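J.: Residue numbers (our numbering), protein chains in the order written: chain H, 1 to 399; chain V, 1 to 399.
Please note that a few of the clues may not be correct.
Since copy identity is lost for identical chains, a pair holds within one copy or between any two.
[Claimed, not checked] Here are the simulated DMTMM-like cross-link-like pairs (lysine to aspartate or glutamate), alpha carbons at most 25 Å apart as the crow flies:
hint, residue 1, residue 2
1, 288, 199
2, 351, 364
3, 107, 291
4, 236, 287
5, 319, 231
6, 351, 313
7, 288, 64
8, 288, 348
9, 319, 357
10, 107, 273
11, 236, 377
12, 319, 266
13, 288, 230
14, 236, 313
15, 319, 230
16, 236, 317
17, 351, 234
18, 236, 136
Since the hints were derived computationally from the structure, they do not count as laboratory data.
Just so you know, these numbers come straight off a predicted model, no measurement behind them.
Protein chains: 2
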Amino acid sequence: MASTLGLVTPQQMHFGEALPLASGAALADYRLVYETYGTLNEARSNAVLVCHALNAGAHVAGLDANGQPGWWDNLVGPGKPLDTRRFFVIGVNNPGSCFGSTGPMHKNPASGRAWGADFPVVTVEDWVDAQARLVERLGIARLAAVIGGSLGGMQALAWTLRHPARVAHCIAVATAPSLSAQNIAFNEVARRAIVTDPDFHGGHFYEHGVVPRRGLRVARMIGHITYLSDDAMEAKFGRRTANGQRHGASAAASAEAGAGAATMADFAYTTQDIEFQIESYLRHQGDKFSEYFDANTYLLITRALDYFDPAREHGGDLKAAFAPARGKRFLLVSFTTDWRFAPARSREIVKALVDNDAAVSYAEIDAPHGHDAFLLDDARYHGVLRAYFHRIAAEVERV
Amino acid sequence: MASTLGLVTPQQMHFGEALPLASGAALADYRLVYETYGTLNEARSNAVLVCHALNAGAHVAGLDANGQPGWWDNLVGPGKPLDTRRFFVIGVNNPGSCFGSTGPMHKNPASGRAWGADFPVVTVEDWVDAQARLVERLGIARLAAVIGGSLGGMQALAWTLRHPARVAHCIAVATAPSLSAQNIAFNEVARRAIVTDPDFHGGHFYEHGVVPRRGLRVARMIGHITYLSDDAMEAKFGRRTANGQRHGASAAASAEAGAGAATMADFAYTTQDIEFQIESYLRHQGDKFSEYFDANTYLLITRALDYFDPAREHGGDLKAAFAPARGKRFLLVSFTTDWRFAPARSREIVKALVDNDAAVSYAEIDAPHGHDAFLLDDARYHGVLRAYFHRIAAEVERV
Chain H
1 MASTLGLVTP
11 QQMHFGEALP
21 LASGAALADY
31 RLVYETYGTL
41 NEARSNAVLV
51 CHALNAGAHV
61 AGLDANGQPG
71 WWDNLVGPGK
81 PLDTRRFFVI
91 GVNNPGSCFG
101 STGPMHKNPA
111 SGRAWGADFP
121 VVTVEDWVDA
131 QARLVERLGI
141 ARLAAVIGGS
151 LGGMQALAWT
161 LRHPARVAHC
171 IAVATAPSLS
181 AQNIAFNEVA
191 RRAIVTDPDF
201 HGGHFYEHGV
211 VPRRGLRVAR
221 MIGHITYLSD
231 DAMEAKFGRR
241 TANGQRHGAS
251 AAASAEAGAG
261 AATMADFAYT
271 TQDIEFQIES
281 YLRHQGDKFS
291 EYFDANTYLL
301 ITRALDYFDP
311 AREHGGDLKA
321 AFAPARGKRF
331 LLVSFTTDWR
341 FAPARSREIV
351 KALVDNDAAV
361 SYAEIDAPHG
371 HDAFLLDDAR
381 YHGVLRAYFH
391 RIAAEVERV
Chain V
1 MASTLGLVTP
11 QQMHFGEALP
21 LASGAALADY
31 RLVYETYGTL
41 NEARSNAVLV
51 CHALNAGAHV
61 AGLDANGQPG
71 WWDNLVGPGK
81 PLDTRRFFVI
91 GVNNPGSCFG
101 STGPMHKNPA
111 SGRAWGADFP
121 VVTVEDWVDA
131 QARLVERLGI
141 ARLAAVIGGS
151 LGGMQALAWT
161 LRHPARVAHC
171 IAVATAPSLS
181 AQNIAFNEVA
191 RRAIVTDPDF
201 HGGHFYEHGV
211 VPRRGLRVAR
221 MIGHITYLSD
231 DAMEAKFGRR
241 TANGQRHGAS
251 AAASAEAGAG
261 AATMADFAYT
271 TQDIEFQIES
281 YLRHQGDKFS
291 EYFDANTYLL
301 ITRALDYFDP
311 AREHGGDLKA
321 AFAPARGKRF
331 LLVSFTTDWR
341 FAPARSREIV
351 KALVDNDAAV
361 SYAEIDAPHG
371 HDAFLLDDAR
381 YHGVLRAYFH
391 RIAAEVERV
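My request is simple: use the sequences and hints to build the entire structure.
T.: See below:
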């Protein structure tokens, strides 16, 4: 569906009061970039905050100055599941990110040089606190809902724990109550690839006029493997060779190769050049990502993921952790083929919420796309969100 | 179980006749390192060939000069499942590897410098042909069995297709009829990490006195994630922090942290240093591997894995590919938690064999360790192998 919001202009807000962080450090002075869609009603009761995941920012919906649609444009807009004719929707970029808000590429006032790897380590809870200040400045005492997918889902959950009086509904999609050892392992390999790239320069590569592209590429390739389901990758690429393109074979020959009917003679027998289409896809994704994503941001965001673990302060007891959520209303959504944040992880959250007598709806969507499904336009998934937002809108409009 | 074979001395054999390769190139002149255990009987009918996987060589069992046990020492030896009192067991290192046989670190006679990235690309079938020559030179017309796990299992299968008259039994453990797109993807990321390491020097790093350690470390870390099951990693490491060691906390505090009862205050809030034990484990594995494994070998061996696909020449028809296996006898073993080479992949092979009226035994072992299980000493797994080899020994000794 084409964007129906049209051009959207990002806004920014400066915060002069220090933001205390979980690490004990503080962000003395910072700027948040945000976008809004729709109109805040007179009662200021129809605001929905959208939290972003790793590779996204405040540009949730509509078209930016380059004509690029927002990352959740299929979900947010007039007539869409999160309907901007009824809701006032806020997208905000988190501090430490590389999409406009204060981050490691900006000047550290203490040193006069770019923060680089010295940017304070931020957590999901720190982000939520920063978002809460923005919401307050926008004159919104209580959000109708907060929504996010993946890392954004963790932020949505954290809202109900840190600012329970300031949010009515929480919608957490394709998320988890904490990363598993395997999740942390993938993050760590990606970080090592970046940090050991000689162009990283201890995080101060900005001053050297270089970017640790090799590390970013590898990090993104690893990420992409975990975003797709094994089956989706098999269906999309299988063992199809890239040689149709490479040797300029006829369309018929390419189609045959695509059908797996090729022979060993189709290979170039090379360890460094591309033989299979999946390799071409991953390299392309890695190259694209390394052109625009900040290496220090990658480290910060993956660490925020690693740290998130509300049960930690409660001896591992997730029910105890979710005690502040009592009385809140939740929608949890997971996808059957998501092996990064599997449905079982969402069910852990559902159980902890139900044990706290929260009102919980849970949808486990049978979708083939793996973790990526939370960004895609699946009819059942969007149907669930549409119905849930319809209910919230009715509540808001009834008051 | 301690090794009962004692000191084993590797042997080597030189081959002056060129080995034609699948790529169309040839290996003009090469050396194979091998080891043998047990005694070849008079009829020369009790020989079992063991094929190695990525990170292994000819040293299958017993102790080497450094006192290191072989990589399958728990399986091979007097009284062990593959009993060297009854069988003459051969371990051989494949060309292109870095454990003694001719490989990319040796001199290319054509250039006078180390082969480096110019070493010919080798396939599973090329290795099997090289092994067949060794077996012939040892005076063995027909192997009682060929056995291998993972990539070694592919070699065992390829023996029955390329040299069906020269092998009676095939035992293929934790293997697949071809890599999936996801398998290839993991290999490709690892290769990119190595190739883009500035110390790789296009594969000619030997001349520069350096090793692409950064790339090898990342490659090995990725590998380790795929060798372990998600559950095994969770059980072994979970979200346990490394700070017990780091801050020299008391044993009691460490145990408490280990139990997940730690708080956020246990973290150092760092993106580059270790926070979780899983990170420490992966870094250690990466460091160790980068000390001894050859980068060009890593590229060659992962490519051999990528290429293996006996169905390819038969329009994707695995049954047609296994037609030469008619009359052979097979044992296939898979492990329930192996997500690298899942049981479903072994079942594909079983079906193709059964469709060819081969005699197939298949054991799906409920083991928690993921792909690594094929190297471990699981009672049910070893019980299956012991029984199967007992049957082969009885056949051999009856004749």
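J.: Taking the earlier hints as the rules, which of them does this structure contradict?
T.: 8 and 18
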